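Asks: Take the two lone chains and join them into the complex the hints point to.
Protein chains in written order, with our numbering: chain W, 1 to 128; chain F, 1 to 180.
If you are wondering where the hints come from, they were derived from the structure by calculation, not from laboratory data. Heads up, a few of these hints could be off.
As the list claims (entries may be wrong) - Computed from the model, here is a short list of chain F residues facing chain W with C-beta under 8 Å:
hint, residue
1, Leu101
2, Ala108
3, Phe110
4, Phe121
5, Ile142
6, Trp153
7, Ile158
Fair warning: this is a prediction, and the values are worked out from it, not measured in the lab. C-beta atoms are modelled at their ideal positions from N, C-alpha and C, and glycine is treated no differently.
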Amino acid sequence: MAGVKRSGRSQVAQWIYPGDWLLLAGGFALVAGLALHAPAPADRVLIKQAGRTFAEASLRLNRIIAVPGPLGTTEVEIRDGRVRVKADPGPRQLCVNQGWLKAGEAAICLPNRVSVELGRAAYDSLNY
Amino acid sequence: MTASIIELKASLEDRRIAALAAAGIGLTLAEAAIPLPIPGIKPGLANIVTLLVLYRYGWRLAAWVSLLRIVAGALFLGTFLTPTFALSLAGGLASLAVLALAARLPPAWFGPVGLSLLAAFGHIGTQLLLVDVWLMPGVSLIGLLPLFLGAAWLTGLINGLIVARMMPMSPIEYRRESTA
Chain W
1 MAGVKRSGRS QVAQWIYPGD WLLLAGGFAL VAGLALHAPA PADRVLIKQA GRTFAEASLR
61 LNRIIAVPGP LGTTEVEIRD GRVRVKADPG PRQLCVNQGW LKAGEAAICL PNRVSVELGR
121 AAYDSLNY
Chain F
1 MTASIIELKA SLEDRRIAAL AAAGIGLTLA EAAIPLPIPG IKPGLANIVT LLVLYRYGWR
61 LAAWVSLLRI VAGALFLGTF LTPTFALSLA GGLASLAVLA LAARLPPAWF GPVGLSLLAA
121 FGHIGTQLLL VDVWLMPGVS LIGLLPLFLG AAWLTGLING LIVARMMPMS PIEYRRESTA
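Just chain F, with the same shape it has in the complex (with noise of 0.2 Å):
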């Protein structure tokens, strides 16, 4: 028997989206960490790299960066297929969907706070959405919601300022840059 040799050719766009995935992972572990005084609010650090990367590199590379953390990330916490997992797979699903349609917004009105508490209000939304009719059918959430809604509105809000923060160029010159 010969052995065989099986070459995976990574492209330096593989070699970028892991890179980029394992800066979320880090996030994600590191969030683990803090205790927090409520279940289920989070201040979702790692869509920090999802919206720095979506505007860098564009929503497909977004997309690719953000689905493996959340898999990754669930494998690393041990909660890969159970319904922690499910609602954060469904956050990030819908955080994606949101990103796409307003990444079409005009960049010269909508900034990256504006983008993230966008995103930060879709994934909430789902998740509680799935809880309702999933998780917990029959469960009034309602007087939930202003609880919520309310840390997603001030963590969206926190994480779009890093963002602009974090950026080297305004978002207009992103769009041109992308264009050109």
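Next comes chain W alone, as it looks inside the complex (with noise of 0.2 Å):
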């Protein structure tokens, strides 16, 4: 490796070009930024009716779930590690109009007495 010495400054800083600087700091935010919008800390929904759990899902699988009440049926959408009330047959619409939940929130559609609950997961073998 006779030709590796150039003189100068330290040799690592040599080998980096100041476009690769650009890149290094670019691929660096992209994936800071990535890991600051994950939606990673939530990764449970879990959906009751009447106060019974109806069901308890993942948030990485995308779907819709249906969710029978005394007015019909509650749409409770997840898509892309997010969760919301998608349609309801209630008359004020609050729980739909809360849009997507953030970590630790719920929404409550109450004439048709479904909530929604974004949480933490207890892990255990079950969950996969």
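Replies: Written as structure tokens, this is what we have:
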């Protein structure tokens, strides 16, 4: 490795060119941005109907869960690691207007007696 | 019946491709033997060979070496024509495509570290896309993106530094030599 030694700055700095630094910084910013936006902390959804657990779901699988209630069907949508009440037969649509839930939040569709809670999983072997 | 002799003439370039692909296969096998905590995250050491070949002999040879390595490596590991192989091939093709473009970047500005980083992101990005649309449609991978892209960033940087360390000349001198 005779040709490796080049004088001047420290060697590692010499191996990384100006554009490389830019790419490194850009890549790092991308990863950091994604890490901050990741919906990782809350990953379990608890859906209750009339106070009883109707379904306990993972955020990993995109789908729409239909929950039957006294007024009709409440649709709970799970997509890209988020959850919301997509449709509800209730007159005021409060739980639908709440939009995507944040970790620890709950949407309650009172007339149809459906609640959706977003929380952190207590992992056990049955979750997967 | 007379025994017929089939003679295949291997040119110097053929031998070179074979030897370099063998080096890549060796790294692939060594890598498979290292236990890693998270499935799907690998150091990608064979990309060091691809990048060195790209600088020394150009993109065409790098593509040969890389694709031979992927096919032969899969045969050795017993993953040929499995989803693992599809992922490996897709990642390899994507990084070759990225390198074809990145090799045109001005060598005074972009060295092996930048090329390695771009190739690593192309590699993992394509693999995640394939998983998303083909292997596990409907499963949200967004939560896993930071983990996989972060790993690609780190391995891209490290592999790029190894390539820079192993190159006897600077990329600018290579470019001058290949155009001269």
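Asks: Against this structure, judge whether each hint is valid.
Replies: Results for each hint:
Restraint check, Leu101 of chain F versus chain W: the minimum CB separation of about 13 Å is more than 8 Å; hint violated. For Ala108 of chain F, the suggested interface contact is upheld, since its CB lies about 7 Å from the closest CB of chain W, less than 8 Å. Among the interface hints, the one on Phe110 of chain F holds; its C-beta lies about 4 Å from the nearest C-beta in chain W, closer than the 8 Å criterion. Because the beta carbon of Phe121 of chain F sits about 7 Å from the nearest beta carbon in chain W, less than 8 Å, this interface hint is met.
Residue-level restraint check for Ile142 of chain F holds (minimum Cβ-Cβ distance to chain W is 5 Å; threshold 8 Å). Nearest Cβ of chain W to the Cβ of Trp153 of chain F: about 5 Å, under the 8 Å cut. The hint holds. Violation of the interface hint for Ile158 of chain F is found here, the shortest Cβ-Cβ separation to chain W being roughly 11 Å, above the 8 Å cut-off.
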